[in-house]
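S.K.: One-letter residues, chain by chain:
Protein chains: 2
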Amino acid sequence: MMPLIDVCFSPELLHLYELPGKVVVVVDVLRATSTMVTAFAHGIEKIIPVSSLEDCLNQKQAGYLTAAEREGRKAEGFDLGNSPFSYMEPEIKGKTLVMTTTNGTHAIRLSMAADKVVAGAFLNVGSVAAMAKAEGKDVLVVCAGWKGNFNLEDTLFAGALAERLKNDFKPANDATLAAQHLYRLAWTDKAAFLADSSHVKRLKNLDITKDIVFCLQEDVYDVIPILENEILVKLQPVAVT
Amino acid sequence: MMPLIDVCFSPELLHLYELPGKVVVVVDVLRATSTMVTAFAHGIEKIIPVSSLEDCLNQKQAGYLTAAEREGRKAEGFDLGNSPFSYMEPEIKGKTLVMTTTNGTHAIRLSMAADKVVAGAFLNVGSVAAMAKAEGKDVLVVCAGWKGNFNLEDTLFAGALAERLKNDFKPANDATLAAQHLYRLAWTDKAAFLADSSHVKRLKNLDITKDIVFCLQEDVYDVIPILENEILVKLQPVAVT
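In order, the protein sequence lines correspond to chains Y and X. Sequence positions in the first sequence follow my numbering and run 1 to 241. Sequence positions in the second sequence follow my numbering and run 1001 to 1241.
Mixed in with the good hints there might be a few duds.
As the list claims (entries may be wrong) - A few chain Y residues facing chain X, derived, Cβ under 10 Å: (1) Leu13; (2) Pro20; (3) Gly145; (4) Trp146; (5) Phe150; (6) Asn167; (7) Leu182; (8) Leu185; (9) Trp187; (10) Thr188; (11) Asn205.
Claimed, not checked - Computed list of lysine to any residue pairs in SDA-like fashion (alpha-carbon distance at most 20 Å, straight line): (12) Y/Lys234 - Y/Ile48; (13) X/Lys1147 - Y/Glu18; (14) Y/Lys147 - X/Lys1093; (15) X/Lys1147 - Y/Ile48; (16) X/Lys1147 - Y/Gly148.
None of these hints come from the bench; they were simulated from the model. Keep in mind that this is a model prediction, so the values were computed, not measured. No residue lacks a Cβ here, since even glycine has one placed at the ideal position from N, Cα and C.
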């Protein structure tokens, strides 16, 4: 029996899915999981995902770096925001980061009952696919969405991963089929496909087109952030297939 | 300002939407709303949508026809099931039907806070579009889904309606854009597009391919079931544009 790949379009639907026994891939393309992948690729040691600004701020005393995003902007009083470019500096090497974002960190925390929880993005989609094949368990892509709503960019990632896995995994449900159809329409020019999407418009108003273009690139990094004891660490690199 | 058309992929996400001031189009293509449209086209006078089998059975004493579907089959002890072909008989003329289905009637009951709640299906999509244009209010398509999960056939209906309204309404969100993309892929042969979908496979196992083919036809009827005091009645016919 082939393992299944399923897609959950919103954290608000996560109660409909069985998590134990599965590999969950949490995705928040714009920009939480893209930023996490970038940070690990540039040497960060641990990321502690927290849901609230308060929890994030409370950990500052412990000497950790803090990152917080709300409404697409860096929240005041924190060291870093949600742009991947802020995580390419040598200063982050070996550090522990406490991070809260509008959607992504919350989705990760909700997925903890799964066998494995990893952070996926276009930036590391090949490595995530290779890891899923090696595991051989059912995969559930959890789209962070936007405040509970369906979004296109996370759906496209789900479609990209399903396409990479199509010879080894079976679509579990209609959500996977829809994601694959949409990715096949979009893959030649994802930025153009997403131009009318709600979050891309929201981010363009904040003038971060550079971040969007960066986050839509596939297979830039081979690192996979994985949850261990509620903390994200770097999984040993897996060869891109 | 153009009115908006938004799509809610599951009743489980309905709490994210504001209903007052909107026209809600509830859709359960396979087969609850297709069946309701067919029943009104063949002379039924009222349909009382109820959520539970118990509520449905309790109304039998009042002399009403009862219809109940669970897991795609007619539930035992009721007069009718969920096949549109059962509602083409002259005997239903002038009757009141109490109806419960796995997804559709539940979605209708959850939508009651909207200004207007109508039942949409491919069978009456042109009339629903004409009615929405005449109303000029924001439209929300509520997909009944399958036990809370996203499904393709209801999404295709949402895409079809958004396409019919595209010169007069603006997509509110990514869900509408996704539905339109999928409908544009599917419209030339919806049955083929849906062949791998979960509910079509489920219904094929029950040997009701004839129902599926019937429910995917556009603009067969010009009737619109509309909710008035928690009961569905027939809205005056609107010309298909």
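S.K.: For every hint, state whether the structure bears it out.
M.R.: Each hint tested on the structure:
Interface restraint check for Y/Leu13: the shortest CB-CB distance to chain X comes to about 6 Å, inside 10 Å, so the restraint holds. The beta carbon of Y/Pro20 comes no nearer than 19 Å to any beta carbon in chain X, farther than 10 Å, and the hint placing it at the interface is violated. Below 10 Å, beta-carbon pairs count as interface contacts, and Y/Gly145 has one with chain X at about 9 Å; its hint therefore holds. A cut of 10 Å between beta carbons decides the hint on Y/Trp146: the least distance to chain X is about 8 Å, and the hint holds.
Interface restraint check: Y/Phe150 against chain X, minimum CB-CB distance 5 Å, threshold 10 Å, status holds. Proximity of Y/Asn167 to chain X is violated relative to the hint, the smallest CB-CB distance being about 16 Å (cut-off 10 Å). Because the closest C-beta pair between Y/Leu182 and chain X is about 6 Å apart, less than 10 Å, the hint holds. At about 6 Å, the closest approach between the beta carbon of Y/Leu185 and any beta carbon in chain X falls short of 10 Å, and the interface hint on this residue holds.
Interface hint status for Y/Trp187: violated, as the beta-carbon distance to the closest one in chain X is roughly 13 Å, over 10 Å. Taken as an interface hint, Y/Thr188 does not check out: its beta carbon lies about 14 Å from the nearest beta carbon of chain X, beyond 10 Å. At a threshold of 10 Å, the smallest CB-CB gap from Y/Asn205 to chain X is about 16 Å, leaving the interface hint violated. Of the pairs offered as hints, the one joining Y/Lys234 and Y/Ile48 holds, with about 12 Å between alpha carbons and a cut-off of 20 Å not exceeded.
The suggested pairing of X/Lys1147 with Y/Glu18 holds, with an alpha-carbon distance near 14 Å, which does not exceed 20 Å. At most 20 Å may separate the alpha-carbon atoms for a hinted pair to count; Y/Lys147 and X/Lys1093 exceed this at roughly 46 Å. About 34 Å separates the Cα atoms of X/Lys1147 and Y/Ile48, which puts this hinted pair outside 20 Å; it is violated. For the hint linking X/Lys1147 to Y/Gly148, the alpha-carbon distance of about 18 Å falls within 20 Å, and the restraint holds.
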